[in-house]
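Asker: Protein chains in written order, with numbering that gives the first Met the number 0: chain A, 0 to 333; chain B, 0 to 333; chain C, 0 to 333; chain D, 0 to 333.
Bear in mind the hints are in silico, worked out from the structure with no lab data behind them.
Please read these numbers as outputs of a predicted model, since none were measured by experiment.
A portion of the hints provided could be inaccurate.
Quick list of in silico lysine to aspartate or glutamate cross-link-like pairs, EDC-like style, CA-CA up to 20 Å [unchecked claim]: (1) Lys5(A) with Asp269(B); (2) Lys181(B) with Asp26(A); (3) Lys207(B) with Glu214(C); (4) Lys181(A) with Glu214(D); (5) Lys5(C) with Asp269(D); (6) Lys181(D) with Asp26(C); (7) Lys32(D) with Asp299(A); (8) Lys181(D) with Asp269(C); (9) Lys181(C) with Asp269(B); (10) Lys32(A) with Asp26(B); (11) Lys5(A) with Glu307(A); (12) Lys32(B) with Asp304(C); (13) Lys32(D) with Asp304(A); (14) Lys32(B) with Asp26(C); (15) Lys32(B) with Asp299(C); (16) Lys52(B) with Asp43(A); (17) Lys181(C) with Asp26(B); (18) Lys207(D) with Glu214(A); (19) Lys181(B) with Asp304(A).
4 protein chains.
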Amino acid sequence: MIKKIKPSELGFGSFATKNSQRVMNADGSANVKRIGGPLISASDIFHKLTTMKTSRFMLVVICVYTIANSLFAIVYYSIGVENLGITPTGIVWRDLLEAFFFSTQAFTTIGFGRVNPNGIATNIVASLEGLLGLLSFAIATGLIYGRFSRPRAHLLHSKNILVAPYQRTKRAIMFRIASTRKHSILIENTVNVSMGINTLEHGEIRRKFYALELELSRINFMNTSWTIVHPITEESPLWELEHEDLINGRIEFIVLFKAMEETTSQTVIDRFSYFIDELVWSAKFISAIGSSNEGQAVLDLNKIDDFEATQLPPWRENSHATETEKDKTSASKS
Amino acid sequence: MIKKIKPSELGFGSFATKNSQRVMNADGSANVKRIGGPLISASDIFHKLTTMKTSRFMLVVICVYTIANSLFAIVYYSIGVENLGITPTGIVWRDLLEAFFFSTQAFTTIGFGRVNPNGIATNIVASLEGLLGLLSFAIATGLIYGRFSRPRAHLLHSKNILVAPYQRTKRAIMFRIASTRKHSILIENTVNVSMGINTLEHGEIRRKFYALELELSRINFMNTSWTIVHPITEESPLWELEHEDLINGRIEFIVLFKAMEETTSQTVIDRFSYFIDELVWSAKFISAIGSSNEGQAVLDLNKIDDFEATQLPPWRENSHATETEKDKTSASKS
Amino acid sequence: MIKKIKPSELGFGSFATKNSQRVMNADGSANVKRIGGPLISASDIFHKLTTMKTSRFMLVVICVYTIANSLFAIVYYSIGVENLGITPTGIVWRDLLEAFFFSTQAFTTIGFGRVNPNGIATNIVASLEGLLGLLSFAIATGLIYGRFSRPRAHLLHSKNILVAPYQRTKRAIMFRIASTRKHSILIENTVNVSMGINTLEHGEIRRKFYALELELSRINFMNTSWTIVHPITEESPLWELEHEDLINGRIEFIVLFKAMEETTSQTVIDRFSYFIDELVWSAKFISAIGSSNEGQAVLDLNKIDDFEATQLPPWRENSHATETEKDKTSASKS
Amino acid sequence: MIKKIKPSELGFGSFATKNSQRVMNADGSANVKRIGGPLISASDIFHKLTTMKTSRFMLVVICVYTIANSLFAIVYYSIGVENLGITPTGIVWRDLLEAFFFSTQAFTTIGFGRVNPNGIATNIVASLEGLLGLLSFAIATGLIYGRFSRPRAHLLHSKNILVAPYQRTKRAIMFRIASTRKHSILIENTVNVSMGINTLEHGEIRRKFYALELELSRINFMNTSWTIVHPITEESPLWELEHEDLINGRIEFIVLFKAMEETTSQTVIDRFSYFIDELVWSAKFISAIGSSNEGQAVLDLNKIDDFEATQLPPWRENSHATETEKDKTSASKS
């Protein structure tokens, strides 16, 4: 049980849900249901269309294109295909299809002209379709640029968060991150780690949140990988907590990463969280850095998750840790 | 009357208008008439076109499209519709209409070609119209992307600002905000509250402005709702002011909210103000957070305005407030 | 002569030009000739095209359009206009003109089709022209959006900088700024004032630069106008300098204004400078704020330059200034 | 050998590669091989296409255009060119060519119409091609705007870093930067210099990194050139290190430059590094600033690299340096 440390105000409130769910999902989204409020907004749609996968985005584009042209085809057919400068076949689906192809030629502004509008009604519809078509492509341009220029961290984080031996303070919380960017490096990287834990207060379960102090919370360049370390000092809310305390408290670590992407000068952000299931007690990371034959440093992103079991030193046994243990604990920065 | 507290310099000046109007309108715009200066600028138009409602924007687009094509239709008609490769009907409105439809086909660059330019004058106009049409859609693309990418806070704030009981200092000013975003959360949220109040100085009414100290002016994540609290300490300009003092002083609270939207890394801003009519004396908010059947936290945005009447403790009666009152006042962070 | 105050490092160096020209031109550009370096770069052109006046930009667009199509017309003519699906007239200028109009229809992608490419050479040129045309409009779209979205302060500053009487320190340097924006206000406004002055050092003229301390260098909102005040304290490099000292020193004030435009969350910047010719000795500003009949505050941007002559108090006569003088000096914030 | 100074945590780790390669390449990219991770991502492609040279970008565009149309030509040919409204010649390459030209007219949405789609299959392909064409140009628009609006420092740095005499501390590390921008100046310029050096620790080579303190790490305006100076004080890791120590340590200087470009309010960044080969022992820069006939300051960017050999004072000989040496060392800010 955490005793004296004052919780931090992080904006999570102190509301503990019935079965102590995590506050933030693993992907960084809030685990909160939101009722009331506007049903749907243009910026929600924009958000969705700029963040979905490229394949899904293409599907949406093709569907919208097909539906729009089908509707216009029905309108042209209703007015009469004879107004498209062609002789109707009298067969419904063939005439509809001809109207559909005419519609695509108006919508994309190709306008081959073999099929072309005659008569007032058809002309009005065609001129509106041309406008709508161009506006649609203006929207598509905006969406595509929005997708391109969206700031993304392209950050990889280790699947697990470890409670590892650590030279100075005996034990530390550790996880590891790396950038998957090939062509640019992140500068002015900062990391912010918060912790949520259930505590019993006047017989009621309250979820308390703490900002965790890090060994290093900012590095100028992220050249290789970065192991983030929270040393469990006596000032840490985790001091003297054992594995079952963390399980009972349904502990959760919330990580906010911020950096500047140097090609675009954009601030990139990543959020993720580790829940109790992702915590590994008594383990340490295996270095992901090696050297190529030519002597160049090599970072193997596949090894970012790799750790090995180890022994945790006791909390209080005083400073004469064996040399072997010191070696084990010095792998905090790979 | 406020005595000893020094006003803050916030950029509002100390000019009190004749009938003590608010400095900032409820929607955050300045309540200042501006004369002189440029009549209209391109960036004013851009601002208007990117901030107006989508329906109005569509209307503007259709109007501009119709007017531009009508003008070109008149020009083509004046040159002679026989230059459009068709036989004139001799009926003015029909020929004008034919010219109008030709114009739309040039403007949108469809160019079906049944109707097409012949002769030098018509060709020159048509080639200019093609250029103008494409530039118009370039402008439309810019406007549409400007509308999409405009940073918006999508913030909801409680309709009222309350003078509520508050554990530590007896009384506090409180209002509540929440984000209506579904797909992304706001990070690094900061709030800044200023207060304007009329005071009598050498027989003249001056409007004085104060920056109000908040219990918490920054939270890392806005997961649910956030109750902003200004505790009325002895250092507050509101210390020992009663309801009629606030009414006489035509008090106004000016709020500036800033956060970072994590998908786009944009800074989003919201400004709003509470005037004396929106202040409720002696009330407290009702929590807007509940729990779903599955144990997930639920934020009900419809309840964000909800408050209930309560009793305010006296200013100076010393620290032995009853347990019941303590409970009442602890609802500051929901 | 300034004696003891240490100059600040601002990046201007200490190089004094032969006839002591200003370091920064009135419009904020650097008064430095730059030789060597790249002759012209794409981003120089982009910069120019996004900052030039709209009328000039339109002229550039029309010129480029005319020249590009003229060149293509010559190419089509060289290949032979009979390949455009029309019967050549044999008259050079008429055939060239026909080729020009065809070219515009390919460049804008209208493609009416009466005139259309036949033969391999003409078809190749036409397909390249269509590509070039669309890329040109992609560039135009980028430029137009760049022009729209360019952050602009839209700041007005008083034509003159004054040496005015000032309550606390006897004298102060003052100038006035205001925003001309109608629809949005600037937030988090900061101002930074530097001063350059020639001094004699070992018989050589050196230009020294000082950062000037301001009475107020930041305001949250720029609702009306803002008078920026540098009080001439004993710590100021201007302490006890008289009008002729400033003239001899060819004094220059360099102003850097920064704010956040709230609709777009863009940082807007303005730079300008006051040279000795724009300094008025012994004057004070006339308020530009009034009240409308309905009681609304009114800011008259035409009055932003207005000042009136006044008397400066002596440097050292001690603190019992008459009440009248106090009134005169209290107009620092309008 | 550096003794007492504690290395700084900069994110480079302490991993020394076999043959002590530089950590950062001269162009600022990381000298790290990255294995694992995603093979290729959309944002990698976007990054590449917005940073490559204009001539290469144009080549890519023309290639994509040609390949796409060739593929469509094959499809149209397979369906049968008689469906394009023309009489097939029966000669394969001529019919393929006709199909290719038709394809370009659909792709660019010109649609002259002499050649035009008949039959269902051809019409379906043509309507898809029109969509694809417009989307391609939407992508091109995004890429072109991305290229235009990419923040670039346009910074020039001296080819060499010097160990120069320096008044206060005897010796200093110096290099020089200048902006090549013609139309705008950089404001709020900051520079950050780190140093990497190999040291022997327990018989193992470790690369250690130090943040170097600068005489001036920020200037408001970059009007002319800026000489960045690290004075080698007793607190510097370079104190009393001689030329061979730097060579043995395979010293490397890593520079991070940040500024704000005032036209676009963009943060611009430049990174570069000096390796031991680029270090010149005992030299000083020659001023790159002169005066034009009209008295205007002139910055010659061709001279930015120019230095001359000079003598370094000994480390410890105490403060009575001759007047001549003082003159030599005062050229730190040009």
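Asker: Does each hint fit the structure? Answer for all of them.
Answerer: Hint check:
About 31 Å separates the Cα atoms of lysine 5(A) and aspartate 269(B), which puts this hinted pair outside 20 Å; it is violated. At most 20 Å may separate the alpha-carbon atoms for a hinted pair to count; lysine 181(B) and aspartate 26(A) meet this at roughly 15 Å. Restraint check for lysine 207(B) and glutamate 214(C): the C-alpha separation of about 18 Å stays at or below 20 Å, so the hint holds. Pair hint lysine 181(A) plus glutamate 214(D) does not hold up; C-alpha atoms about 35 Å apart against a cutoff of 20 Å.
Annotation: proposed proximity of lysine 5(C) to aspartate 269(D) is violated, straight-line Cα distance about 31 Å (limit 20 Å). Of the supplied pair hints, the one linking lysine 181(D) and aspartate 26(C) holds, its CA atoms being roughly 15 Å apart against a limit of 20 Å. Under the criterion of a C-alpha separation no larger than 20 Å, the hint pairing lysine 32(D) with aspartate 299(A) is consistent with the structure, at around 8 Å. Between lysine 181(D) and aspartate 269(C) the CA atoms are separated by roughly 18 Å; this keeps the pair inside 20 Å, and the hint holds.
Restraint check: the Cα-Cα separation between lysine 181(C) and aspartate 269(B) comes to about 18 Å, which is no more than 20 Å; the hinted pair holds. Proximity of lysine 32(A) to aspartate 26(B) is assessed by CA-CA distance (about 28 Å); at most 20 Å being required, the pair is judged violated. Under the criterion of a C-alpha separation no larger than 20 Å, the hint pairing lysine 5(A) with glutamate 307(A) is inconsistent with the structure, at around 34 Å. With a C-alpha separation of about 18 Å, the suggested pair lysine 32(B) and aspartate 304(C) falls inside the 20 Å cut-off, and the hint holds.
This hinted pair checks out: lysine 32(D) and aspartate 304(A) have alpha carbons roughly 18 Å apart, not beyond 20 Å. Between lysine 32(B) and aspartate 26(C), the direct Cα distance comes to roughly 28 Å. Violation of the 20 Å bound is thereby established for this hinted pair. Of the pairs offered as hints, the one joining lysine 32(B) and aspartate 299(C) holds, with about 8 Å between alpha carbons and a cut-off of 20 Å not exceeded. Note on lysine 52(B) and aspartate 43(A): the hinted pairing holds, with a Cα-Cα distance of about 15 Å set against a maximum of 20 Å.
In summary, the hint linking lysine 181(C) to aspartate 26(B) is supported, as the alpha carbons are separated by about 15 Å, within the 20 Å threshold. Between lysine 207(D) and glutamate 214(A) the alpha-carbon distance is near 18 Å, which keeps this suggested pair within the 20 Å criterion. The straight-line distance between the Cα atoms of lysine 181(B) and aspartate 304(A) is roughly 31 Å, outside the 20 Å bound, and the hint therefore fails.
The structure is inconsistent with the numbered hints 1, 4, 5, 10, 11, 14, 19, although it conforms to all the rest.
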